[in-house]
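Below are the chains, spelled out letter by letter.
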Amino acid sequence: GQQVMQIPQYQHVQEGEDFTTYCNSSTTLSNIQWYKQRPGGHPVFLIQLVKSGEVKKQKRLTFQFGEAKKNSSLHITATQTTDVGTYFCAGPGSSASKIIFGSGTRLSIRP
Amino acid sequence: GAVVSQHPSRVICKSGTSVKIECRSLDFQATTMFWYRQFPKQSLMLMATSNEGSKATYEQGVEKDKFLINHASLTLSTLTVTSAHPEDSSFYICSAREAAGEAEQYFGPGTRLTVT
Chain A
1 GQQVMQIPQY QHVQEGEDFT TYCNSSTTLS NIQWYKQRPG GHPVFLIQLV
51 KSGEVKKQKR LTFQFGEAKK NSSLHITATQ TTDVGTYFCA GPGSSASKII
101 FGSGTRLSIR P
Chain B
1 GAVVSQHPSR VICKSGTSVK IECRSLDFQA TTMFWYRQFP KQSLMLMATS
51 NEGSKATYEQ GVEKDKFLIN HASLTLSTLT VTSAHPEDSS FYICSAREAA
101 GEAEQYFGPG TRLTVT
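From first to last, the protein sequence lines are chains A and B.
Just so we're aligned, residue 1 is where the first sequence starts under the numbering used here, counting upward by one.
Just so we're aligned, residue 1 is where the second sequence starts under the numbering used here, counting upward by one.
Hints in this document: simulated from the structure, not taken from any laboratory.
Any given hint could turn out to be false.
Listed next, the in silico BS3-like pairs over lysine-lysine satisfying Cα-Cα at most 30 Å (straight line) [what the hints assert, rightly or not]:
id, chain 1, residue 1, chain 2, residue 2
1, B, Lys20, A, Lys98
2, A, Lys70, B, Lys41
3, A, Lys98, B, Lys55
4, A, Lys36, A, Lys70
Construct all of the structure, not just a fragment, from the sequences and the given hints.
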């Protein structure tokens with residue numbers, strides 16, 4: 001079945017350092033979404049990418065969709081303590097209505 | 001933004017009993033709601049897709065007789081864990097889409113179920 005993997009599983013950085021998480025799908029994706037889940041909280045939608053090679057920015061966050069639409073990345077510039085949480089990518093499942101979440105990357109930050 | 005609520009937020013029950021979890025879209029109508037299960041420090045696993053007025057679609061490996069889903073209205077879906085066992089202890093999260101084709105899913109705050 002379809003799998004969406006993320007690396008790294010964990011990342012511990014000094015505040016102010018950059019952070020990147022990578023998402024890889026076993027199949028070509030029509031779109032990819034990114035979510036953030038704070039510790040003890042629920043996932044919050046960040047963005048959706050649709051086009052091959054698409055790059056979108058949200059302040060310090062840069063999202064990229066690969067040319068082959070099988071991988072994606074999220075890069076955070078100059079991390080802050082508020083960035084702590086688990087970042088999930090998610091792609092469409094076997095039916096158009098559902099999404100499959102990646103394994104997630106947990107970000108922790110040293111103040 | 002759209003808000004999804006879940007009730008209860010935490011529940012402790014004894015083995016063999018049933019527990020009902022409610023998921024409500026508070027300020028929008030959701031034709032489709034989703035139920036996920038999340039174990040500590042793991043990803044969200046989709047359990048089922050709940051469609052208003054029709055039977056839920058369960059993912060492979062999810063027992064439909066154990067996890068009963070009812071989507072009685074456009075704002076309410078319920079998940080009933082029947083004959084609960086300790087291995088059913090988990091974090092259950094629902095989400096809803098405002099309209100078909102919408103990208104964004106709005107997640108409820110989750111329900112922490114502990115079966116003793």
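A quick look at each hint next to the structure:
1. Lys20/B x Lys98/A: holds, 23 Å
2. Lys70/A x Lys41/B: holds, 25 Å
3. Lys98/A x Lys55/B: holds, 15 Å
4. Lys36/A x Lys70/A: holds, 20 Å
This entry satisfies every hint, going by the numbered hints stated previously.
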